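K.L.:
One-letter residues, chain by chain:
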Amino acid sequence: MANVLVFAETRGGELRKLATEAVAAARRLADATGGGEVHAFVAGAPGVAQKADALGRYGADVVIALEHPALATFERESIAATIAARAKSASYRAIVLGFSAQGRDLGPRLAAKLDAPIVSDIVDLEVAGDALTVKHPGYANKVMITLTISGSPAIVSVRPSAFSAQESPRTVRAETIAPAADPSAARVKVTQVVEGSKGRPDLADAPVIVAGGRGLKAPENFKLVEDLADAFGNAAVGATRAVTDEGWRPHADQIGQTGRQVSPQLYVAVGISGAIQHLAGMRSSKTIVAINRDKEAPIFKVADYGIIGDVLEVVPALTQAVREAKKGH
Amino acid sequence: MDDFAGYAVEVALQTKEKAGSGEVVVVAVGPDSVQETLRKAMSMGADRAIQLKTDTMPFDGLSIAKALAAELKAGAFDLVFFGKHAFDTSAGVVGTATAELLGLPCVTAASKLEIANGKGSARRELEGAAELVEFALPAVVTIDEGIARPRYPSLKGIMAAKKKPLESRPAQLGPIRVVVKGMALPPDRPPGRIVGEGPGAVTELVKLLQTEAKVL
Chain A
0 MANVLVFAET RGGELRKLAT EAVAAARRLA DATGGGEVHA FVAGAPGVAQ
50 KADALGRYGA DVVIALEHPA LATFERESIA ATIAARAKSA SYRAIVLGFS
100 AQGRDLGPRL AAKLDAPIVS DIVDLEVAGD ALTVKHPGYA NKVMITLTIS
150 GSPAIVSVRP SAFSAQESPR TVRAETIAPA ADPSAARVKV TQVVEGSKGR
200 PDLADAPVIV AGGRGLKAPE NFKLVEDLAD AFGNAAVGAT RAVTDEGWRP
250 HADQIGQTGR QVSPQLYVAV GISGAIQHLA GMRSSKTIVA INRDKEAPIF
300 KVADYGIIGD VLEVVPALTQ AVREAKKGH
Chain B
0 MDDFAGYAVE VALQTKEKAG SGEVVVVAVG PDSVQETLRK AMSMGADRAI
50 QLKTDTMPFD GLSIAKALAA ELKAGAFDLV FFGKHAFDTS AGVVGTATAE
100 LLGLPCVTAA SKLEIANGKG SARRELEGAA ELVEFALPAV VTIDEGIARP
150 RYPSLKGIMA AKKKPLESRP AQLGPIRVVV KGMALPPDRP PGRIVGEGPG
200 AVTELVKLLQ TEAKVL
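The listed protein sequences derive, respectively, from chains A and B.
When we follow numbering that gives the first Met the number 0, the leftmost residue of the first sequence carries the number 0, and every step to the right adds one.
When we follow numbering that gives the first Met the number 0, the leftmost residue of the second sequence carries the number 0, and every step to the right adds one.
Just to be clear, a hint being listed does not mean it is correct.
[To be verified] Simulated restraints, written as ranges between beta carbons of each label pair:
no. : chain 1 : residue 1 : chain 2 : residue 2 : range
1   : A       : LYS325    : B       : ALA135    : 47 to 53 Å
2   : A       : ASP129    : B       : GLY74     : 37 to 43 Å
3   : B       : GLU196    : A       : MET0      : 56 to 62 Å
4   : A       : GLY11     : B       : GLY74     : 35 to 41 Å
5   : B       : ARG150    : A       : ALA180    : 35 to 41 Å
[Claimed, not checked] Coverage of chain A stretches by chain B, computed from C-beta distances (three or more under 8 Å per stretch; other residues unrestricted):
no. : region
6   : 56 to 65
7   : 128 to 142
8   : 303 to 311
[Stated by the list, open to error] Under the rule of at most 27 Å between Cα atoms (straight-line distance), these lysine-lysine pairs were calculated in the DSS-like manner:
no. : chain 1 : residue 1 : chain 2 : residue 2
9   : B       : LYS206    : A       : LYS222
10  : B       : LYS72     : A       : LYS87
11  : A       : LYS294    : B       : LYS206
12  : A       : LYS16     : A       : LYS141
No wet-lab data here; the hints were simulated from the structure.
Just so we're clear, the structure is a prediction, and the values are computed from it rather than from any experiment.
Just so it is clear, CB atoms sit at the ideal spot from N, CA and C, and this is done for glycine as well.
Go ahead and model the full structure; you've got the sequences and the hints to work with.
P.N.:
What follows is the structure in structure tokens.
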């Protein structure tokens, strides 16, 4: 029986979907050790603690809130120092984070501060006696690597959508914690946060992703991808590296080996041939739809459903059909 | 050299060129096969190289960071650049953990970088947003895609690299606590099907998404 600490990330004062998934993974880990407690750590501007109460639904026993006005932005140094201080004073079997911009930043800092072993981007975990075994898709998702981690606390970050947030309700005990380092005295100062595409969920959070490739022929045709995403209503927009290298879309939108790795419920590939580097970023999506004029395109090898045709004709028709289907609900 | 390491070398070279003086030292942890990568970086323009030698490449990012921190703790640098993450693990652990072990400020996943007057500013890509940050030197910066295209080594550069100094010494890895137990190919996706051709096929597709895949 061992307790597990989990970093539940927020953005703009709201819990992210990945936070609930990380809590679910921590719950599984704690249960596998014979039923320890899950302690969820949340950081943000005053008021964030109330939001974190919801984590009880997914299996958190304790919510530890670090609140400070300067934490309206992600002040990594202060947050890492505070989590490390907490982990030193309590004994945790593991620390779970999301494999996201925040988790990637915090995990290695905690590993160094606590001299704790770390594995990033896991999709599964198992506890047998003292050994923690995890699965990590390596080499651009081409190989599933099984790793054993010895020592406590083990630090792991979970891939978005790999652990589903399952209801496991319990009554949450709320705690507050003081910052172990002044969040307004960071050596790396955030001077501005530039928000991305308006009103759309992020690639990690969206149940549906519509992505465009060079088959769209010209940057202005990306409007068709945007329109289709709007028709779904809950979709994010992605792109291939060919498209971001051309400057049609920002680099941050790139899905693939060197960009974002996603696994939404539905992935719609528009004018994407399916280069191996792109497949590396999306092949674990639940359902894949491909629209491409070349019936030999490798994307059709991973697609559940394919339509052969000119994207400039097929996509507007699909947008219309999705709108009608949504209306019918 | 993997993609992100290539960007990091390029950024280091540009930083030196802009400053008008300085030295670019490339460091790699690994078996002798990494010497080829170090020579490549020197053919691009790096001045000298250090190999921290291991028999194999451990999967334990913290142990690699410890070897690097032991090498770098003497200081004598303004900036340490890393790729955002390595191709094999995509873990992104080593750069940030090295910074933390050295007690240096660390900027992760920089997609733009300006260095002037002993200070740096960078843009970091977050999920669906970006962050602008400022920091003092010395610092560690991990480099994201889009910042700079790595230059191709010139023939002259390749010839010069053969004569540039490459030191090799044993890596002081910490204990290895993350070990590979097995590797397997991920399960294949079940074969899909072509629903049809042209705009006429969308009705059938939407039906399948509703009734079969149940995602709409």
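K.L.:
Against which earlier hints does the structure fall short, listed by number upward?
P.N.:
6
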